[in-house]
Structure formats: structure tokens, C-alpha cells
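Chain residues, written in single-letter form:
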Amino acid sequence: MDIADVKSKLEQAFPGIALRPVRDTLLMENAKDIVKIAQFLKDSPDYQLDYLSSLTGADYLEYLEVVYHLYSMEKKTGPLVLRVRVKHDHAQVPSLVSVYRGAEYQERETYDMYGVVFENHPDPRRIFMWEGFEGFPLRKDYQQEDSETLEMEDIEWLEKHGIPVPQDLSAKAEELKKLGRRAVAQKPGQPEPE
Amino acid sequence: MEKTFAVKDTMDTQTLEINIGPQHPSTHGVFRMNMVLDGEQVVSLKPVMGYLHRNHEQIAENISYTSSMPYTDRLDYFNSMSNNFAYSLAVEKLANIDVPERAQYIRVIMAELTRLVNHAAVIGFLLNDLGAFFTPVLYAFREREKIVDIFEEVSGSRMMCNYFRFGGVKLDMSPAILTRVKEIVKNFPKFLDEFEALLTRNEILCMRCQNVGVLPPELAVSASITGPMLRASGVNYDIRKVDKYSIYDRFNFRIPLGLKGDVYDRYYVRILEMRESLKILEQALDQIPATGELVSKKMVPFLKAPRNFKPPVGEAYGRVESPKGELGFYLVSDGTPQPWRYHVRAPSFINLTILEDLCIGHKVADAIVILGSIDIVLGEVDH
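As given, the protein sequences belong to chains Y and A, one line each in that order.
Count the first sequence with the numbering used here and you get residues 846 to 1039, in order.
Count the second sequence with the numbering used here and you get residues 796 to 1178, in order.
Honestly, the hints are just simulated from the structure, not real lab data.
Careful, some of the hints might be misleading.
Claimed, not checked - Here are the computed lysine-lysine pairs in the DSBU-like style, where the Cα-Cα straight-line distance is at most 30 Å:
1. Y/Lys-921 - A/Lys-1074
2. Y/Lys-854 - A/Lys-1039
3. Y/Lys-921 - A/Lys-981
4. Y/Lys-887 - Y/Lys-985
5. Y/Lys-877 - Y/Lys-920
6. Y/Lys-887 - A/Lys-1055
7. A/Lys-1099 - Y/Lys-921
8. A/Lys-1105 - Y/Lys-985
9. A/Lys-888 - Y/Lys-852
10. Y/Lys-920 - A/Lys-1105
11. Y/Lys-1005 - Y/Lys-920
12. A/Lys-1036 - Y/Lys-920
13. Y/Lys-985 - A/Lys-888
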């Protein structure tokens, strides 16, 4: 799908809209525009992008991104890739469920993994992780706990409940506490420096 | 003196909340449905998933491109070949790799054999949910065994095939195996006729499946439903025809469509799709070149040293028509040996979006059948 063509059509329909082509995709500078743009592309007889194939997030360190792949089942064309960028600390994007029902679970998944809050989502809960889980696992700064190493808090809890703790585990925990570090698991297969 | 009795002409009923799963044979894995029932009718249904969640995407973002290939097998463990296919397509788009002729044919043969396995088995399981306990499944599994034996011979594994490589396939198919595939293709219609004689006009099956879980086409499109479920609702959308990926433009086949979009249509569309797959297989087996390269020359050096494979900076979305629907992989490369972003668009996860809409107003037993007709695999739903 021709990005320049879509861009000029959208600028015609919504004067003053901020769009920027990124590779062969279209970036919306203002995340709030996504609903009206999606509705326009869905209804417009030129595009009829009635099918939201994929909705997902990505973490680019300075910002979070939400990527939409739109196709047309009617015209058998596509994809048109839209993206919005938001900051980590106020990651809020309007929900597309009112336009595409298929966004419902995919937005929940993106919230679960990246912490992007979708405004006006009918059921904004986590989907894979359990209730009360802290953190967003697919953000690049997420650190996974090492399940085999205990921390001082765990040892205190165990001792309070009268469960004996092996000496080496508590020694390791004390060492970690001295260093002021948490028990973090190593990532599988970090690239070796070349 | 007149006596009055307080008699109400309506009866108060209470709703009842029940859980089905996660450990329940008819949820096809560790899947939970939180139902609210009024009598036996479903008032609300909330799926709960994530019991099998292992953050496939994060693991793949920390290992090299090639290392994720065996891991894609574990997504939809019934159709590992289609998962391999989608992932290879995405990487090939990203790094701009061509696939040699013979490898293309082998890929298509494998993908269509997978479709036969999946559709036969899922119809069997659907009948299990209907109460035809294990007879149809065993008929289907008898055929599945023959195909799975082929997979074992070409790839070394029955289910976790890990057979595709970027730009080709791992090993060649010997003439002996090709002859056996031809035999399977020749005999499969007999099995289908037998299967249909048992099921298609079966009165119990018709009564339980017709007009149950009707999915209107507008909702199906809007809810991003794909695969046989979408086509059972009468929407003509098959990625093999639309994208013409690989070499699907060379084959002559048709797309079966349903009329109503009920459970019965989903059953019958799958039967017809198997017949179309057989047509593709016949043509592919006729056309396949006798010899040829298996992996594109560009990719040969990376077979032994996969960490040297660094696709150029960019992004790609590769999708195939897997037996369950549109399976897509979204990859972002930053020029290092591992992907910066790796996302799986899992068809059975997204097809679950409308489970509640389909089940409301039906009985509990019908909800089980509707879930069976969606065809989910929890490895894929939970990533």
C-alpha cells in the first residue's frame, strides 16, 4: 500500500494532523488520533481496512511503540502499518475496541507485557500474568528474579515460620544484601562480545 | 372475611457461577472458563488463560534467529511445520532471502500434510466433546499416524519437527518417502468418505451442531477471526490465495465457504478444506523437481554458524494460512544476531475473542462444543 498516498488522503480528511513516514509505515505523532484514523480507514471506500490483523507493542528504550497491521478483507489488500509512540511513564493510547473488536485481547496482551494503558478498554486486565503481578515482562529493563537464589526477605520469612534454611543460602543472601543487589536471573544466551 | 394469598406468578431464579477448567478434558489443555449460568443457560463467560505462559517472545528476543526455530514448534504443537513456515517467511522477508525451487515444493507438501493432520484430529476432538467418545478420534489418529511417520522420517521428530531453515529446509525427501506421500494422498479420500459416512448426515451431530454458536460475518471480520472459522461464516479470505506466498499461485484449488457460520459449518468447511489440500498435494507431488538445492546459497554459511546471521536493520511481518488461521510473526531487527522485537500473532488466541458472544444464550453443553469448534491449542494461546 502506498504510504505517501495514504498520508495525503489522511491530511486532506483531517487538516492539521501530524503524520510521519517511518520506513514503509506511518507514525502518528499524536497517539490520540489513532481512533479517528482507524475509523476513517475502515469506512473510506478507497481503503476499507476492515481487518486488524495484529496489534502489538515494542520497547525502544526512549519510548514505547504500539504497532497496528491493517488489512482489507473486502479488497484483499494490505498491510498498512500504523504506529504510535508514547513515553514509558505515561503510556496511554486510546483503545481501538470500538472500531475493531479483535483489538480486545491483543490490547490486553500489550498492556500485560508492556504496560501500555488502553483508554476506554472494556476489560482492562492482565491476560497472561496473574493478578497482582508487578512489572511488565517484555520491557527491556525488566529483570527476572532468580528462583534459585534467596534474598534476605525470603530468609527472614522462612525463619519466622520456623522453616530451617541451609547455611549456604543464607550466606549468599547476606552477601547480596551487603552489595545492595537483588537476585536477578541471567538472561539465556546474552551475545558474547566479539 | 376474604382471604388473600401471596402467590407470585413468576419464580425467582438465581444465577450460578461455575468454573470449567483449567484441568478439564474438554477445554483442550489448561484453559479456564468462568461461566455464569441461569439454570443451564450461559449468561456470561470469561475465558481465563495464561497457565501455560512462558513468555515465548522474551526468550526469542534473547537468543539468535535460528535458535528460535525449534521453539516455534512448541507454539501450536499439533502443526509445528506451519509454525516453522510462518517464522521462516518472516525472517526471509526481513533478510531478503530466496528459496530454491525444490525446497519450496517440500515446504508446501509439509504445510498441506499438516493441515490434513490438524483438521482430521480437530474434528475427532469435536466429536469427543459431543459425546461420541473416542471412536472418531481414533479413526482420525489412524490416518494421522501415517502422516506423522513421514514427518519423523524427514525431520527426525514426530511432532516437534524443526524442519525448516531460513532459505530452505533441513533435509531432503528421498524418492521412497515421496512415493509414500503419494500413497497417503491416494488413500486419504477413502478415509474422508468413511469419516463423512459416519458423521456428515448423522442426526445427532446435525441436531447438536446446526444453529449453535452462529458467528455473523460482520462480527467475524471485525473481531479479526481467521482460518476455517472465518470461512465457515462465509467470508472469502484465505491467505494462500490473497498473499500467494511461497508457490501457492501455481496450484489450482478452491476455498470452501460456509453459509450460516454455526458449528456444523465449521465442521464441514474443515472436511472440504482437507479435500482441497489433497488437490494441492497431488499437484505439488506431480510438479516437484527431481533434484535441486535445499537451502539458498546465501544461507549455507549460516547453517553451521547461526550466530553470524545478522539481518539488516528493519522490520517484517510474515504470515501464513496455518490450519488454525492467520499465523503471523512480526520481527524487528537492529542488526544484531538476536531480534529486537519478536511477536507472534497467534490465531487461536485471537479467535477466542468472541467466545462469549457465541456462547451466550446456549446451554453449558453447547458452550463446550463451541469451544471445540474454535479449535484452540493452548501452547499457542498462552505463548
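Requested in this report: Decide if the proposed pair is consistent with the structure: A/Lys-1105 and Y/Lys-985, CA atoms, cutoff 30 Å inclusive.
Outcome: Between A/Lys-1105 and Y/Lys-985 the Cα gap is close to 20 Å, so the pair holds against 30 Å.
Query raised in the report: Are Y/Lys-921 and A/Lys-981 close enough, with their CA atoms no more than 30 Å apart?
Result: 34 Å, violated
Report task. Could you grab the alpha-carbon distance between Y/Lys-887 and Y/Lys-985 and see if it respects the 30 Å cut-off? Result -> 33 Å, violated
Query - Given hint A/Lys-888 paired with Y/Lys-985 - CA-CA distance at most 30 Å - result: It holds: about 25 Å lies between the C-alpha atoms, which stays within 30 Å.
Query raised in the report: Is the hinted pair Y/Lys-854 and A/Lys-1039 satisfied, with a Cα-Cα distance of at most 30 Å?
Result: OK: Y/Lys-854 and A/Lys-1039 at ~28 Å, within 30 Å.
Requested in this report: Measure nothing beyond the straight line between the CA atoms of Y/Lys-887 and A/Lys-1055; if it is 30 Å or shorter, mark the hint as holding.
Outcome: Distance ~25 Å between Y/Lys-887 and A/Lys-1055 Cα, so the pair holds.
Query raised in the report: Regarding the pair Y/Lys-877 and Y/Lys-920, is the alpha-carbon distance no greater than 30 Å?
Result: 27 Å, holds
Query raised in the report: Straight-line Cα separation of A/Lys-1036 and Y/Lys-920 no greater than 30 Å?
Result: The hint holds at about 13 Å.
Query raised in the report: Is A/Lys-888 within 30 Å of Y/Lys-852, Cα to Cα?
Result: Satisfied, since the Cα-Cα distance of roughly 24 Å is no more than 30 Å.
**Report entry** Pairwise hint evaluation, A/Lys-1105 against Y/Lys-920, where the allowed Cα distance is 30 Å at most
**Finding:** 36 Å, violated
Report task. Would you check the hint for A/Lys-1099 and Y/Lys-921, treating anything up to 30 Å between C-alpha atoms as holding? Result -> The given pair, whose Cα atoms are some 40 Å apart, is violated under the 30 Å limit.
Query raised in the report: Is the straight-line distance between the alpha-carbon of Y/Lys-921 and that of A/Lys-1074 30 Å or less?
Result: With Cα atoms ~24 Å apart, Y/Lys-921 and A/Lys-1074 stay inside 30 Å; holds.
Going down the numbered hints, you'll see the structure goes against 3, 4, 7, 10, 11, while the others check out.
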